[in-house]
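> Here are the chains, one letter per residue:
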Amino acid sequence: MKQTGDRRAFLKGSSVSLALPMLETFAPSRAKASMQAEESIDRPKRLVCIGVYLGFYQRDFFPATTGHQYEMPPTLRPIAGHRDTMSIFSGLDHRGRNGHEGWRAWISGKATGSVSFDQLVADQLGDQTRYASLQLTCGSPPGDAKLSFTKEGVALPMIGRPSVFYKTLFRSGSDKDRISYLLKTNRSVLDGLIEEAKTLERSVTADDREKLNEYFSSVRDVEKKLQKQLLWVNKPTPRADYTLPEFDPVAPDVALECESIMYDLMALALKTDSTRVLTFLIPGWSQVFTIRDRRLSAGYHSLSHHGNEAAKIADYNLVGMEHVRRLGAFLDKLRTSRDADNNPLMDTTTVLYGSGMGDSNTHDNTNLPTLLLGGGLRHGQHHRIDKQAPTPRRLGDLYLSLLQHFGVREDQFAGATSNMNEYLL
Amino acid sequence: MTEQLKHQALAALTLTLIFVSIDSDRVFGAESLPNHASEFIRKNCQGCHSGDDAQAGVRFESSHLNWQNARAIHLWERVYDVVSKHEMPPSESPQPTIGQRERMSQWLQSQLSHHARPGGTTIRRLNREEYENSIRDLFDFPEFNAPDAFPADDTRFGFDNIGEALILSPPLLAQYLELATQVADTILPPDNGDEVAVPKHYHIGATGLAESAWTTVEGDRFRLASSKRDNAHTAGWPIRFSAPKSGVYRLTVDAVALQTDEMFYPRQEAPFRLSIYAKKKTEQTYDAFANLRKLKAFDVPVDQSSPHSFTCDVELNRGESFGLRWGNGPIDSNGFNRVRLKQDRKLHAAMLGIKRDPRGMTQSQYYELTLGHMANGLNLDDPRLDEELEGRGFGGIGHKNGPQLMVNWFAHEEVRRYGPALDITEVSIEGPTRLIEDDEMRVQKKRTATFLGKRPANVSDRAYVKSVIGRFLQRAFRRSVSDLLVQKYTDLVLYEMQRRGARVQDGLHVAIRRALVSPNFLYRSPRDGRLDQFDLASRLSYFLTSSPPDSELFQHAAEGNLAVPDILKSETQRLLSSKRHGNFVSSFTGQWLGTRRLSDIMPDPRLFFYYQQHRIAQTNEVEMLFEEILKENLTVDTFIDPGFSYRHKVLNKIYGSELEGDQTQRVEFKRGGREGGILSLSAVMMATANGVDTHPVQRGVWLLENVFGRPTPGPPNNVPAISVDTSGTTTMRTLVEKHRADQSCARCHDQIDPLGMVLENFDPVGRWRKNYPIYIQATGDALKEEFYSSTGTGTKAGPVIDSVGVLSDGTKLNDVTDLKRYLVDNVEIFSRCLTGKLLVYATGRPMNFGDRRVIDKIVSDVKEEGNGFRDLIIAIVQSESFAVK
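So the sequences go chain by chain: A and B. Taking the working numbering, I'd label the letters of the first sequence as residues 1 to 425. Taking the working numbering, I'd label the letters of the second sequence as residues 426 to 1310.
Hints are computed from structural coordinates only; laboratory data are not their basis. Treat each hint with caution, since some may be false.
Here are the simulated BS3-like pairs of lysine-lysine, each with C-alpha atoms no more than 30 Å apart in a straight line [unchecked claim]:
| id | chain 1 | residue 1 | chain 2 | residue 2 |
| --- | --- | --- | --- | --- |
| 1 | A | K184 | B | K891 |
| 2 | A | K176 | B | K706 |
| 3 | B | K780 | B | K510 |
| 4 | A | K184 | B | K913 |
| 5 | A | K235 | A | K333 |
| 6 | A | K224 | B | K913 |
| 7 | B | K1095 | B | K1288 |
| 8 | B | K706 | A | K184 |
| 9 | B | K719 | B | K670 |
| 10 | A | K333 | A | K387 |
| 11 | A | K198 | B | K891 |
| 12 | B | K891 | B | K721 |
| 13 | A | K228 | B | K719 |
All chains, please: the whole structure from these sequences, using the hints.
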């Protein structure tokens, strides 16, 4: 009897979404992708992009001087210990428009709603891991806070609950049974469709036959992806020694707590090689934070519109430093951890940290706070981009460098056509 | 926008030509070609299009043609398109003279007008809206929505429901499969056995509550200071609790009323009302309390200084939390600050006396500053104290940056310090003590029962499954289905049941998944030639309701009498009167008149401070005009000069009107004037500009395409668009005229530009203007002032607008009034255009020469019967173009 019970396990369980495993297989299996895999067989490459929605106070984020000898600016003090593996860029932006809309362009370049560069990297690396990429945030961010976009220009949904992120990485047995069952039965779902469409094909015109060909090739493509998903779902998920709080801290008041947990899980995601591409949007609302036992003078959003008033800037900076402190804890984990093949995470993970908001006080999207960390790149300096130069560098140039670093053979991205390799290699 | 992008945007407004490869075995025959035509083909086409290696599979083999061959006609239409639009021969090849080209075009045009037959829709995939509505109808699942991440549909020929543009790609099919699984899970949920209640204690405490704007934490108390009507301003709710299961929970709250002698508001004698509401999630929400489920209310006594403890049992649904709110405080609405200023002359005078910009201050700093002004002598005779307080910011009182907000700050700080306020000192919850069936489960059970139907006793699994499948597929595929198909789905269900030891539901789950990704569901009208009854029902239904046929329509199709003219007419009337025809109104106008584009346009704040409320009012104005014309069967020229419109007061600044009240109002004007109609709606004028400046070419192209029905081809490659310079050095007219000096440009721009000039009096948000604006080059703080001022005064008057235009028939138009008069006098021009648009939307294909004959007949027939718009739609539905694929 026990056996019957096991056989029926897949019919139980709450409704599990196939959306996530589906995403992992969107990555095209290109020849060059596998070439890339061979080249870097001993050194995987990973990408993490972290955007802080309400930005930073520029004057305390950027150092006063450039080069190696800069004095660590106040906001960045919590990560002073990572100085040697960090580059600070000032003066970079997309030459785009101002206002909230600009945020959506942070990692997609000048044109809002076009593909974000992390997704191009995910296309390149995605075949090698369970998830091609994962998108994270804390709670439900404001509507315009979007980070990753697909090639079709669709904003990818973000996981905002630690428990969901955890489940995604370390799926329980019953969820796995159900997903595996759905995948298997989806194969019989698709089997019959080709036959059904063929019956239709007999009665249509030549033009329509082309349309039906779209259908046939889509079905065959999805069939192939199902096969791959089944392979992954049957591979054991990694085990994690991590205890989640009983309740997801998704209320705005405890967003910093959520941020810490998300970082912890991100480090685990990289360590277990569940994915090699992560994006993390750190949202902000009008919540009033209490930081080191002091209640701040106003809500976070209102602090971001500080009106250049010293007291508000100070409190705004406190929140900024709390974000950077959490980044620091994440970087510490990357520094001390190695993946299953004993590769140091810090050397194999490139972290882009910053904001699509330049000066939140005026909603100005120029001079975006930009840090680049790890990934085995050349670091240690503050680079100030000369905007008076004949062809001043822009943020898209940096993304182009990163794309090339990850083996995406593109020589332009969102209007940028020259890389910034001389700063990084 | 770069010059190139501008030109591309322009091109996107016009017709796009799509090449279709033609099988190489198609050869023209029969009737002989006139000499000039065969000469033209020999010289210009056969170089590439002949022999076995003919380009694109198009071969010109003989000097004969056969007008009986449908595919040949189709090909000749393509030839006409590429010749008349200068797309062939390719620009690198020798070109015919303009005279030769025109002769060939004219000859083809006259032949095609005579011989071509209507039809030619490519098989249509459901677009997003149609797909969602189909799922909703099929499963009685009104709350179904495709996720935001669902890929968007392409637009062609002005609409997003055109067969050839509705592509299916692997990621889209994967999405369909994912959604099919979710739908199947909802209709036939997996078996989770019986759940049991496991009660647990959750200590929340006063400091475990999430704050909204008007609450504060004072030590170990959670202070509710306002009684405004929405959650985001007033309530507190647990940060770390939501009901793990739907059930009964025991809630304990300790609360005490705070009233001190220093209060501004009079001591309240009635008990303070503590209201408890169900809240859908833990995250920040902006719900109005009126829309939330009330759980319980308590009276907190006012004569007690220590907290009173209240306990109650409440029903919470899975995932729900609860909110705590003070129901009867003095600060209770958005209008309270106006009242406060009226009552509190001293506060008002103090605020007027503050010259400092309050932005950047904290709430308590502002409070102290205001108190300081109160103490240091007030001018209580300031005449502004007696002025009416009006508008969003009460513009008259001192600083313009939101005095309303400042009153809020002051009052909030005051009640925070001295009361009155309701303090929560302790909160805990225990449960579930027993489980309940929540609304979601009830709806779910009902849906499952409806889908499964009643299973008769003594019926085999096979017979039962077959009956469920037969009923379901017929609705899913919108037609009667063959026994063979029912058999195949039934086999699938039984196979899954046997192989995996599953319930009937689990087998049917697989069948639902297959049906929802089947081509029979995702596509409509695949069969060639004249639509059969079911395809006709689908075309009619998706046309007028963006939804699948309802049971009455389906019944007519099943009985085979839908094509009977009277029945088709009465069904059309019925659908037009049903609630769901609203889908047609918003989808059709949103695309034809461009209101869908509004959300992508961000007007320059120096020009106008544009909010979502403006967009909603503008869109409503368009839809309500359309709705009245449709409902009352008003004449087609009403679109041009209705003499009425539907306005909301938020548009006062756009129309210079002085409306009041919260409702949209029907306003009337004299016909023959500038106001009213699609050529003066601010939504349309805004959609045909870009938020920053206007462009006669863009609006000219739009008019030709959407009002005159004469779409223009896109500009040739590598030609930059003209740029707008409103700084006063050059006038728009000289710029535009320069543009037409080039002969190749002039061919089209002679028609486009003079027409576009007529609308120049409408600015980028649709306001009437006499001068071009000059943007004041404000930067930094100065710009910020303008940005926040909400008056949009960042411009000054520039050159005077010259709106004179000339139509291609030589008619001179002084301004938009003349254009409207011309279109009313020559209404058949507009009728033909509108009929074409409606037919493109209904059939999902561009209009060919055969369709154009049908359109001419519809237009003249309807005109004879009084030219009513509803009659026009009925004539369209009864036309040959509507009846064929």
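> Is A/K228 close enough to B/K719, meaning Cα to Cα at most 30 Å?
49 Å, violated
> When you check the alpha-carbon spacing of A/K198 and B/K891, does it fall within 30 Å?
23 Å, holds
> With a cut-off of 30 Å on the C-alpha distance, tell me whether B/K780 and B/K510 pass.
Since the Cα atoms of B/K780 and B/K510 sit roughly 65 Å apart, the hinted pair is violated (cutoff 30 Å).
> A/K184 and B/K891 were given as a pair; does the straight-line alpha-carbon distance stay at or below 30 Å?
23 Å, holds
> Quickly compare the C-alpha distance for A/K333 and A/K387 to 30 Å and report which way the hint goes.
Status violated; Cα separation ~36 Å.
> Could you grab the alpha-carbon distance between A/K184 and B/K913 and see if it respects the 30 Å cut-off?
Roughly 19 Å between the alpha carbons, so the hint for A/K184 and B/K913 holds.
> Take a quick look at whether B/K1095 and B/K1288 sit within 30 Å of each other, Cα to Cα.
Distance of about 24 Å is within 30 Å: holds.
> For the pair we were handed, B/K706 and A/K184, check the Cα-Cα distance against 30 Å.
34 Å, violated
> Regarding the pair B/K719 and B/K670, is the alpha-carbon distance no greater than 30 Å?
Roughly 19 Å between the alpha carbons, so the hint for B/K719 and B/K670 holds.
> Does the structure keep B/K891 and B/K721 at a Cα separation of 30 Å or less?
50 Å, violated
> Need the status of pair A/K176, B/K706: alpha-carbon distance at most 30 Å?
Judged against 30 Å, a Cα distance of about 27 Å means the pair holds.
> Assess, step by step, whether the Cα of A/K235 is no farther than 30 Å from the Cα of A/K333, and give holds or violated.
With Cα atoms ~26 Å apart, A/K235 and A/K333 stay inside 30 Å; holds.
Hints 3, 8, 10, 12, 13 from the earlier list are contradicted by this structure; the remaining hints agree with it.
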